[in-house]
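Line order of the protein sequences matches chains A and B. Letter by letter, the first sequence follows residues 9 to 296 in the working numbering. Letter by letter, the second sequence follows residues 33 to 395 in the working numbering.
One thing to keep in mind: the hints can contain errors.
Below are the EDC-like pairs computed for lysine to aspartate or glutamate, each with C-alpha atoms no more than 20 Å apart in a straight line [said to hold, decoys possible]:
(1) Lys56/B - Glu253/B
(2) Lys97/A - Glu84/B
(3) Lys52/A - Glu175/A
(4) Lys101/A - Asp111/A
(5) Lys97/A - Glu85/B
(6) Lys329/B - Glu352/B
(7) Lys56/B - Asp240/B
(8) Lys151/B - Glu197/B
(9) Lys101/A - Glu253/B
(10) Lys205/B - Glu233/B
(11) Lys56/B - Glu352/B
(12) Lys204/A - Glu253/B
In short, the hints are calculated from the structure, not lab data.
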Amino acid sequence: MNANPLTRSDPRWLRALLIALTVLFLGLFLILPLATVFLEALRKGVGAYFASFRDPAARSAIRLTLLTAGIAVPCNLAFGLVASWAIAKFEFKGKSMLITLIDLPFAVSPVISGLIYVLMFGAQGWFGPWLAAHHVHIIFAVPGIVLATIFVTFPFVARELIPLMQEQDTDEEYAAISLGASGWQTFWRVTLPNVKWALLYGVVLCNARAMGEFGAVSVVSGHIRGLTNTMPLHVEILYNEYNFVAAFAVASLLALLALATLIAKTALESRIRTGAQAVEPLEMETIA
Amino acid sequence: MSIEARNISKTFGDFHALRNVTLKVNDGELVALLGPSGSGKTTLLRIIAGLEEADADPSSAILFHGEDVSASRAGQRRVGFVFQHYALFRNMTVFDNIAFGLRVRPRRQRPTESAIRKKVEELLHLIHLRELAPRFPSQLSGGQRQRVALARALAIEPRVLLLDEPFGALDAKVRHGLRRWLRRLHDEIHVTSLLVTHDQEEALEVADRVAVMRDGRIEQEGTPEEVYHRPNSEFVMDFMGNVNLFHGRIESGKAVFGSLVLDHAGAKVPDGQGARLFVRPFDLDISRQQNGLPGMKARVTRVQLAGAQVRIELSSESGETLQVEMPHSRFRERAVAPSDDVFVTLQDSRIFLEEQTHRGEVS
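Using the sequences and the accompanying hints, generate a full structural model.
Structure representation (structure tokens):
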């Protein structure tokens with residue numbers, strides 16, 4: 009490892025100060041609140057903590073969150089693969105426009121994302137009358153929640169894959185094709201294995217966001233207890249009802265998800281890095 | 033299995049990569065496509081492989097052994113393609129890389145796993161890398177990777193072998209070893225091969241025939257001896273190696289380059305016609321006195337003794353830099369040193385008329 013030349017010349021006190029400030033800041037704004045979640049959840053003991061999950065409304069919220077993530081993540085996995093393939097391997101007009109568009113959900117406030125769907129599918133929306141006539145419920149129902157979640161989470165997989173696929177160019181695919189592999193075989197045997205860690209990384213982030221999304225889902229959900237409440241929404245309702253133990257108990261599940269995501273993310277990052285880096289060949293040329 | 037490309041053109045937007053190129057590689061031959069970057073050689077190779085499509089033209093065709101393959105996809109043409117940057121599958125071992133082409137065959141044509149194993153082991157033996165079968169490409173040196181790429185291409189028993197700058201990314205020493213090995217391999221297995229390179233030394237050493245490309249056209253085609261000793265244009269002469277260039281003109285049947293006057297045989301040329309004289313460094317000699325041979329005065333500026341040949345740099349009366357190469361034995365007889373005044377004499381040279389030199393530059 010090359011040491012940063014600055015670390016050697018900087019005075020000791022400055023280093024100590026900067027490190028202390030960083031730790032203090034992290035402690036105050038990240039670790040303390042996180043600890044509070046678990047402390048509050050366990051304030052009335054382990055029994056009360058687990059009792060919170062026996063509430064049918066809590067169970068339904070957990071089920072809905074799992075269902076939503078279970079639909080949104082595979083959708084965005086497929087979309088991310090298709091989009092990154094198109095962007096990395098083909099040249100076409102409007103490509104940079106497409107890349108910008110993929111980032112749109114990051115730029116737009118989640119509340120707006122939710123509102124878009126209300127304006128489209130709500131009772132007064134563009135498709136509202138038609139949907140009502142055909143008895144299709146999207147807003148204030150599960151489909152709306154899934155749609156809003158897909159919208160909010162769709163950049164995650166694509167954004168991880170695009171730079172990696174661009175860097176890997178198309179030679180390996182051409183080699184596979186020239187060796188007689190079909191397009192499908194080339195995808196499964198060459199393209200996909202080359203991006204698998206980045207793909208998994210994108211999926212982990214996508215899943216974390218899908219399960220934790222509040223704003224967009226809140227707008228389209230209607231907060232019908234036992235029907236259209238996801239975990240984040242359920243936490244809010246419980247909190248507003250001064251049911252702190254239950255609120256923090258459900259919140260602790262989301263916090264655990266976040267921790268698991270962090271660990272997975274760190275592990276995957278090192279996999280991606282070692283995968284991308286070519287090990288320096290040690291072998292001498294041995295040729296007659 | 034012969035390869036024939038007929039009337040192939042290819043444009044990328046406004047850029048003409050290939051302009052009506054026709055090339056034939058005979059059965060068992062190794063032909064080098066030689067040219068500077070952007071001359072269209074790689075494009076031609078990729079079109080032959082089916083990785084790129086030629087511009088639509090009813091007269092154009094790609095023939096393998098007389099059979100038109102233009103309509104078939106790359107995978108159906110059974111070509112072995114070797115890429116400049118190896119393009120090994122990074123997620124597979126050396127063994128799996130070589131076996132790939134056999135394993136992706138449709139079930140009915142696929143050899144059994146034990147037959148595949150046998151074939152891969154034969155190929156590993158051929159490329160002298162038996163012990164590296166379980167390694168991943170990232171654990172190999174550049175030369176080893178390229179040999180694996182070659183074995184992978186040979187595994188499908190290709191009808192023709194196409195190599196795109198196969199040694200371009202390797203350092204000089206490995207490159208030399210590998211291209212001699214490739215030539216020996218070719219003599220052993222006799223697969224019709226087309227090799228793209230920008231390195232004239234490589235083309236001359238490895239190939240049976242060389243096609244020199246420039247601006248999407250084949251400038252000259254012939255044996256290495258022909259293109260080297262009888263270049264048909266200034267471009268080919270220059271591209272084939274170091275040359276000394278003199279500007280002059282034709283006057284009453286003689287080519288005049290300053291104090292140097294040469295006979296100019298051949299077609300009648302009007303007086304005043306511009307001409308250029310090309311002389312290889314080893315076709316120049318140095319003498320202390322004028323010895324009757326055509327020559328000119330010059331002053332030695334630099335003597336470089338390291339290497340197989342002695343390289344001497346001189347400055348002519350008109351200030352042009354001349355390069356002379358000679359064996360060490362002859363240099364010891366000449367015994368010249370920097371700042372000596374000497375005569376530079378010509379043993380062999382080629383004269384190109386100005387009109388001729390502009391050929392091929394019209395875009």
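Hints violated by the structure (listed by number, smallest first): Result: hints 3, 8, 9, 11, 12 break, sorted rising.
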